[in-house]
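Student: Using the hints, position chain B against chain A.
Chains as they are written, first to last, in the working numbering: chain A, 1 to 298; chain B, 1001 to 1266.
Honestly, I wouldn't trust all of these hints.
Said to hold, decoys possible - DSBU-like mimics (lysine-lysine), calculated; alpha carbons at most 35 angstroms apart, straight line:
| id | chain 1 | residue 1 | chain 2 | residue 2 |
| --- | --- | --- | --- | --- |
| 1 | B | K1177 | A | K125 |
| 2 | B | K1177 | B | K1036 |
| 3 | A | K213 | B | K1177 |
| 4 | A | K213 | B | K1263 |
| 5 | B | K1263 | B | K1177 |
| 6 | A | K136 | B | K1177 |
| 7 | A | K275 | B | K1036 |
| 8 | A | K213 | B | K1036 |
| 9 | A | K136 | A | K125 |
| 10 | B | K1263 | B | K1036 |
As the list claims (entries may be wrong) - Some chain A residues judged to face chain B by a derived CB distance under 10 angstroms, without partners named:
| id | residue |
| --- | --- |
| 11 | V12 |
| 12 | Y15 |
| 13 | A17 |
| 14 | R49 |
| 15 | G81 |
| 16 | L89 |
| 17 | W176 |
Stated by the list, open to error - Counterexamples of contact, computed for chain B against chain A with all Cβ distances above 12 angstroms:
| id | residue |
| --- | --- |
| 18 | R1102 |
| 19 | D1113 |
| 20 | A1210 |
| 21 | F1212 |
| 22 | L1264 |
Rather than coming from a laboratory, the hints here were simulated on the basis of the structure.
Cβ atoms here follow ideal geometry from the backbone N, Cα and C, with glycine treated the same way.
Residue strings, one per chain:
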Amino acid sequence: MSDLAIRLRGVVKRYGAITAVDGLDLDVPEGTCVGLLGPNGAGKSTTMRLLTAQAIADEGELEVLGFRLPEESKAARAECGVTPQLDNLDTTLTVEQNLLVFAHLYRIGRADRREAIERALVMAKLTDRRDSRVDKLSGGMRRRLLIARALVHRPRLVLLDEPTVGLDPQVRQELWALIDALRSEGTTILMSTHYIEEAQRLADTVLIMSHGKAVASGSPAALVVEHAGHEVLEVYGPPARLAEVEAVAGASGLRTRRTGTSVSILGVEAGNGFKIDGERRPANLEDVFVLLTGEEIA
Amino acid sequence: MAVANPPRARRLGRLERPALTGVLVREVVNFSSYWKSSTFSSTVEPTIYLLAFGFGFGALVGRIGGYEYVEFVGTGTVATAVLFSSAFPAMFGTFVKYQFQRTYDAILAAPVDTEELVTAEALWIATRAGVYGCVPLLVAIVFGLDPAWGMLAVPLIAWIAGFGWACFGISVAGFSKSFENFNYVVSAVLTPLFLVAGTFFPLDTLPGWAQFLGNVNPLHHCVELVRHAAFGWEGWTDLARVAALVAFGLILWRIAIRAMARKLVD
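Extracted from the complex, chain A is given alone in its bound form (with noise of 0.2 angstroms):
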């Protein structure tokens, strides 16, 4: 049993007549990763502009940190770190007078300001470009940045829109090990993504989400047994025999789906006596994200 960090129920968001959020549920215990994972457009950013009241939602219920949104939102905000998907630093403004003004933002008494940035600085690998301008810094010290700005006054929960998007491997990587070292010291993490491999590695729990609901949540591994099975057998071929091999699947009871040059035959370890050849292999959050989702990664 453990306190909830966040908690939505019944949550609208609609833009005209755009429904963006529909009916969200979102439950973030104290302590936990949980990625929100969808294609874009799923409501993933709107969900995020909602928990700092940045949205207001038309209608159900919203608390973060205890505090009711949208009413309580700023003493909610005091006690949480965001990070946008879009790079918002001073450009002109040097590592350190980025973090300066953040401190003051969050109110961070004069006593410990000091301290606060040189800790930033430490996470975000930045001591010694200090004195260096924003505009000066690569993209992967830049999203750093952003990431350390978002967590100078130690919030206890800590949104995290598309941390990684846009970046190299090698970078994404380099965040992946800032974000998983925050999670070890406890901090709660909501992080939207539509990296799968970032939810599968981050995320203790993934709300997998699609036109602004939740279609599936659970640990990465949980969601990939119950809904792809343990094995999937990827068959590849000329679009004709593609089909067929749908349709002979379709007939055993077993869920399919295309991933461009293949078809990918979900579950196969329960289909007994199921004969066509192709290549064997664990079923993995991408074959989940698709069949629920019924979209492609990009």
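Tutor: Only chain B this time, still in chain A's reference frame:
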């Protein structure tokens, strides 16, 4: 599962000092990276107006409304400097900060409300206008305007007027969907008000409608107050002008908050 127990303060108040300070610190730190260019333009611009009008027109006009023309223009361009260092930076700066740099998204994710954000931004711009507004007066003194004790009130007058124009600029940015819309405001609102402010020529020779426009023009009240600060106060009339500037500031302040809340919180 129980919900995390909330700490003492359930709800933080409005217009809190730490929030205002946070936004102001950001502006001050940023200012350290661009103060040279902004001080240059705020100093050179009124000097050019002063030289061009003061000596160009001054040679033709001689005395106006009982003043040497250089004195007339030197005091009048304080309001111009205030307008240029408040309304314009507020319009463009606000638009850039929410649209391109997304600075306001970052600030509003911290414990800062739109009301605090807008107020702090306006306070900062007003303070800059209070300082830059004095430049034409100093330039005019160099060119022969006699210093007077009353001039010590000029930074305050410039500050009050600057606050109003800053809020005006923020409101315009808040209501505009694109940069292009600023052209309408500059051509249809700011330029006419700039010309019927009594900066370069007195209003009492103008037709009635222009005089009316002058009397509802905050810029005109600013011009008159600065002139009276330099040449002698006019009692109740000046108090009424101060009241008009304060009212202008307060009304536009609330409008600016409304406009930005609409823009920043969806």
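Student: Compare the structure with each hint and give your call.
Tutor: Hints, verified against the model:
1. K1177(B) <-> K125(A): 40 angstroms, violated
2. K1177(B) <-> K1036(B): 31 angstroms, holds
3. K213(A) <-> K1177(B): Given pair K213(A), K1177(B) holds - Cα atoms ~31 angstroms apart, limit 35 angstroms.
4. K213(A) <-> K1263(B): 26 angstroms, holds
5. K1263(B) <-> K1177(B): 9 angstroms, holds
6. K136(A) <-> K1177(B): Within the cut-off at roughly 31 angstroms; holds.
7. K275(A) <-> K1036(B): 77 angstroms, violated
8. K213(A) <-> K1036(B): 52 angstroms, violated
9. K136(A) <-> K125(A): Satisfied, since the Cα-Cα distance of roughly 16 angstroms is no more than 35 angstroms.
10. K1263(B) <-> K1036(B): Satisfied, since the Cα-Cα distance of roughly 31 angstroms is no more than 35 angstroms.
11. V12: 14 angstroms, violated
12. Y15: Where the cut-off is 10 angstroms and the nearest Cβ of chain B is about 7 angstroms from Y15(A), the hint holds.
13. A17: 15 angstroms, violated
14. R49: 8 angstroms, holds
15. G81: 9 angstroms, holds
16. L89: 8 angstroms, holds
17. W176: 23 angstroms, violated
18. R1102: At roughly 4 angstroms from the nearest Cβ of chain A, R1102(B) sits no farther out than 12 angstroms, so the non-interface label is violated.
19. D1113: 6 angstroms, violated
20. A1210: Non-interface label on A1210(B) holds, nearest chain A Cβ at 43 angstroms vs cutoff 12 angstroms.
21. F1212: 42 angstroms, holds
22. L1264: 7 angstroms, violated
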